[in-house]
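> Position chain U relative to chain A; hints supplied.
Number of protein chains: 2
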Amino acid sequence: MKIWFGENQTNDVRLMVKASSVLFSGKSKYQKIDIIENPTYGKILFLDGTFQLTERDEYIYHEMLAHIPLFSISKPEEVLIIGGGDGGLARECLKHNIKKLKLVEIDEMVVELSKRYLPSLSSSFSDKRMDLLIGDGAEFISKTKEKFDVILIDSTDPVGPARALFTEEFYRNVKMALKNGGIVGSQTGSPFLFPEHIKNAYFNMKRVFKYVYVYVATVPTYPSSIWSFTFASDAEIKRRREIDIKTSYYNEKMHDCNVIPQFVIDMLKD
Amino acid sequence: MKIWFGENQTNDVRLMVKASSVLFSGKSKYQKIDIIENPTYGKILFLDGTFQLTERDEYIYHEMLAHIPLFSISKPEEVLIIGGGDGGLARECLKHNIKKLKLVEIDEMVVELSKRYLPSLSSSFSDKRMDLLIGDGAEFISKTKEKFDVILIDSTDPVGPARALFTEEFYRNVKMALKNGGIVGSQTGSPFLFPEHIKNAYFNMKRVFKYVYVYVATVPTYPSSIWSFTFASDAEIKRRREIDIKTSYYNEKMHDCNVIPQFVIDMLKD
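Protein chains in written order, with numbering that gives the first Met the number 0: chain A, 0 to 269; chain U, 0 to 269.
Hint data in this document are derived by calculation from the structure and do not stem from the laboratory. Possibly wrong hints are sitting among the right ones.
No copy is singled out in the list; a pair is fine if it fits within one copy or between any two copies.
As the list claims (entries may be wrong) - DSS-like mimics (lysine-lysine), calculated; alpha carbons at most 25 Å apart, straight line:
hint, residue 1, residue 2
1, Lys1, Lys174
2, Lys268, Lys245
3, Lys17, Lys1
4, Lys99, Lys142
5, Lys237, Lys252
6, Lys94, Lys114
7, Lys252, Lys209
8, Lys101, Lys146
9, Lys198, Lys245
10, Lys28, Lys127
11, Lys101, Lys198
12, Lys178, Lys209
13, Lys205, Lys178
14, Lys174, Lys245
15, Lys26, Lys1
16, Lys237, Lys1
17, Lys17, Lys198
On a predicted model such as this, the values are computed, not experimentally measured, just so you know.
So here's chain A without its partners, still in its complex pose (with noise of 0.2 Å):
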């Protein structure tokens, strides 16, 4: 049995955690699919032999990409998430008052294994305003009638099929399906090892919006763990409601300070 799994994060570097146990090593239609206990990061769910999520620090990830647009909206009640078939950033959506929350995941295994691993993530799936749908994110973005206050991107790396949620095309579908003042949050990955990435979306992103803005937070399973993450909006981005809900990562000095490494701002400069 293998015993370390890992990631290569350049051809060069690898970040190696030790399986206490193999709960799962399969492939979906999409992808391959490792879920592992490690103990450090607790449970680990890899797709295709990259971190997507540890128990350990997923919160980090998941608070950063819910809570800023999310307390940027003074009453929000729709909310679309396209990937995230984990349930974890759909967690923290729920912890705010919304009406309705549907996310659209592309791999229903990742949804059903999670269910079975993942219960402090995937206990979202039985919250009532949960409205899941297995598909294409970019295809029902290019066809929904529906309208919402925030979109969030919750996807691999556009490196692979994620490449389409990344790019002008798609950002103008998401306009479409924003109310006035709505949002749209992703993550962009590592500014430090992929700069591309950032960049082709944030200046995406800036042909189709007014404002964008960049944060970043320290993932610490992620490529170099600067992890960074772009909103955009036709209205300004910022804090429009008391912070009432319990983080862990997230506060409001970090929504109201957007403190970025200079590296970062100088790589975004028109």
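Frame of chain A; chain U shown alone:
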């Protein structure tokens, strides 16, 4: 020849890097030292098998440890570094208009190897303001009659010989060696993986100084990458000068609006 090098961050988590060449592998009086070249991170210095620095990301750690205290002094003139034998922290300090920089490093071999293999850091040793002393930092600080504006502790983690540099007694000696309003700053490890390290340093500093501040930065090659720095003074620690130097991570907003994750705030409550 060994090709993959790396650090056991915990018993079951490893960050591994492939060596395109091994420049040095040996033992000093104090520790095992390896210097390798890696395509992603450039030259990498390991001390006792832990990442000490990489050419690609060292500026993050060194900028954040140097510039928070140095820009918090109106006219810094004398600076002391305990440790830091690679010269990287000294390089950042020397960007300021100071008169003297004393560096007390216990392991002469680190200095010699840095001079040979890491010129982008060790060039600082040829600056006329540099005063290098090979010796024990804790012992030096307990005996010196000199006074400094800023004292920086650039040590390994408090699990081996560096333990003495995180005690209340050490901070009391540091205080005696500080001018009025002077600042001490120390790296205090990963609050994510090793909360006891930062808590120990923070509460020891609190017993000795009136003001204690914690900052975090993301250092990709350090365990969990969430790295903390703790600064203390009897004067309020705030920026007192315009930032007139070039940096790649540290910036004005980072200094003036100290954003740290909620879990770090929570662990430092009395």
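> Taking the hints in turn, state whether each one holds.
Structure-based check of all given hints:
Within a single copy, lysine 1 and lysine 174 get their C-alpha atoms no closer than 45 Å, and across copies no closer than 53 Å, so neither meets the 25 Å cut-off. For a Cα distance limit of 25 Å, the shortest separation of lysine 268 from lysine 245 across copies, 16 Å, qualifies, whereas the shortest one inside one copy, 35 Å, does not. In the homo-oligomer, the alpha carbons of lysine 17 and lysine 1 lie at most 25 Å apart both inside one protomer (9 Å) and across protomers (21 Å), since each shortest distance falls under that limit. Taking identical chains as interchangeable, the C-alpha atoms of lysine 99 and lysine 142 lie at most 25 Å apart only when both belong to the same chain, with a minimum of 19 Å there against 67 Å between chains.
Within a single copy, lysine 237 and lysine 252 get their C-alpha atoms as close as 12 Å, and across copies as close as 17 Å, so both meet the 25 Å cut-off. In this homomeric assembly, lysine 94 and lysine 114 come within 25 Å of each other (Cα to Cα) only inside a single copy, at 19 Å, whereas the closest approach across copies is 54 Å. In this assembly of identical chains, lysine 252 and lysine 209 lie within 25 Å of each other by CA distance both inside one copy and across copies; the values are 24 Å within and 23 Å between. Taking the shortest Cα distances, lysine 101 and lysine 146 sit within 25 Å of each other inside one copy (11 Å), while across copies they are farther apart (63 Å).
In this assembly of identical chains, lysine 198 and lysine 245 lie within 25 Å of each other by CA distance solely across copies; the values are 22 Å between and 32 Å within a copy. Proximity of lysine 28 to lysine 127 under the C-alpha cut-off of 25 Å is found in neither arrangement, the shortest distances being 28 Å within a copy and 65 Å between copies. Taking CA atoms no more than 25 Å apart as the test, lysine 101 paired with lysine 198 passes in neither setting, with 28 Å inside one copy and 42 Å between copies. For the homomeric pair lysine 178 and lysine 209, the shortest alpha-carbon distance inside one copy (15 Å) is at most 25 Å, but the shortest distance between copies (50 Å) is not.
Proximity of lysine 205 and lysine 178 under a CA criterion of 25 Å is satisfied intra-copy only: 18 Å inside one chain copy versus 50 Å between copies. Taking the shortest Cα distances, lysine 174 and lysine 245 never come within 25 Å of each other, neither inside one copy (30 Å) nor across copies (38 Å). In this assembly of identical chains, the alpha carbons of lysine 26 and lysine 1 lie at most 25 Å apart only when taken from the same copy (16 Å versus 34 Å across copies). When the C-alpha separation of lysine 237 and lysine 1 is checked against a cutoff of 25 Å, the pair qualifies neither within a copy, at 47 Å, nor between copies, at 52 Å.
Proximity of lysine 17 to lysine 198 under the C-alpha cut-off of 25 Å is found in neither arrangement, the shortest distances being 34 Å within a copy and 28 Å between copies.
In the structure shown, a violation is registered for the earlier hints numbered 1, 10, 11, 14, 16, 17, in ascending order.
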